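Letter by letter, the sequence shown follows residues 21 to 194 of the numbering used here.
None of these hints come from the bench; they were simulated from the model. One should not assume that every hint holds.
Stated by the list, open to error - The calculated DSSO-like cross-link candidates involving lysine-lysine, where the alpha carbons are at most 30 Å apart (straight line), are:
(1) Lys167 <-> Lys146
(2) Lys131 <-> Lys158
(3) Lys93 <-> Lys80
Unchecked claim - Simulated restraints, written as ranges between beta carbons of each label pair:
(4) Pro160 <-> Glu89: 48 to 58 Å
(5) Tyr72 <-> Pro140: 48 to 58 Å
(6) Asn181 <-> Lys158: 26 to 36 Å
(7) Lys128 <-> Lys61: 31 to 41 Å
(8) Asn108 <-> Lys134: 39 to 49 Å
(9) Lys183 <-> Lys146: 14 to 24 Å
Quantities reported herein were computed from a predicted structural model and do not represent experimental measurements. Just so it is clear, CB atoms sit at the ideal spot from N, CA and C, and this is done for glycine as well.
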Amino acid sequence: MKSKKKKKLKEELEKEAKVDLTNEVSEESVVKEINIDFKDKYIRLYSEFENYRKRTAREKIDIITNASENLLKEIIPILDDFERAIENNEKVEESSTIKEGFELIHNKIYKILKNQGLKPMDSLGKSFDPDIHEAITKIPVKKDKMKGKVMDVIEKGYTLNEKVIRFAKVVVGE
């Protein structure tokens with residue numbers, strides 16, 4: 021009897037071992053399937069991101085190119101005005117007409133640049149600020165209240181949408 025029980029026990033153990041083995045195999049295959057699925061998703065997501073990055077870089081270049089194109093289209097008529105002024109300068113004797121022509125051209129270009137967000141800085145008589153001014157030279161002043169103030173502007177400074185794009189070149193009193 022003991023041998024029958026042993027045999028039965030042996031058969032049951034073998035059955036359980038086979039069931040455990042098939043469970044392990046099926047779990048392993050499930051893990052492999054999941055791994056393959058994640059790998060596939062990762063590759064697709066990575067490719068999608070790379071395409072997105074390339075597309076946005078291309079769009080950024082297009083925006084910059086088109087922005088400068090629009091500005092140039094607005095400035096071309098001013099170039100035409102300068103060419104006409106140069107041609108008419110040779111024929112005109114009176115200097116007030118020439119001056120008036122140049123003022124018109126100046127106002128035209130100033131208006132275009134102002135519409136683009138460009139603003140000139142008003143520095144004369146104000147305190148020297150190294151964040152917006154570049155001191156070219158210093159000159160002695162008689163009054164103490166003029167020390168550290170901008171006495172003369174050599175070149176105007178400009179801001180574009182509140183960002184300094186050219187520092188004002190100034191003479192400072194000391």
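(request) Could you tell me whether the CB distance from Tyr72 to Pro140 stays inside 48 to 58 Å? (result) Once the Cβ atoms are compared, 41 Å apart, the range 48 to 58 Å for Pro140 and Tyr72 is violated.
(message) Does the beta carbon distance between Asn108 and Lys134 stay inside 39 to 49 Å, or does it fall outside?
(response) violated (26 Å)
(message) For a C-alpha distance cap of 30 Å, please report whether Lys93 and Lys80 respect it.
(response) holds (20 Å)
(message) Is 48 to 58 Å respected by the C-beta to C-beta distance linking Pro160 and Glu89?
(response) Taking Cβ atoms as reference, Pro160 and Glu89 lie about 50 Å apart, which means the hint holds.
(request) Given the hint of 14 to 24 Å, check if Lys183 and Lys146 actually sit that far apart at their C-beta atoms. (result) holds (19 Å)
(request) Hint says 31 to 41 Å; check whether the CB-CB distance for Lys128 and Lys61 agrees. (result) Distance hint for Lys128, Lys61 is violated at roughly 58 Å.
(message) Tell me if the beta carbons of Asn181 and Lys158 are separated by a distance inside 26 to 36 Å.
(response) holds (32 Å)
(message) Check whether the Cα positions of Lys167 and Lys146 lie no farther apart than 30 Å.
(response) It holds: about 10 Å lies between the C-alpha atoms, which stays within 30 Å.
(message) Does Lys158 sit within 30 Å of Lys131, going by the straight-line distance between their CA atoms?
(response) violated (33 Å)
Consistency with the previously given hints fails for numbers 2, 5, 7 and 8, ordered from lowest to highest.
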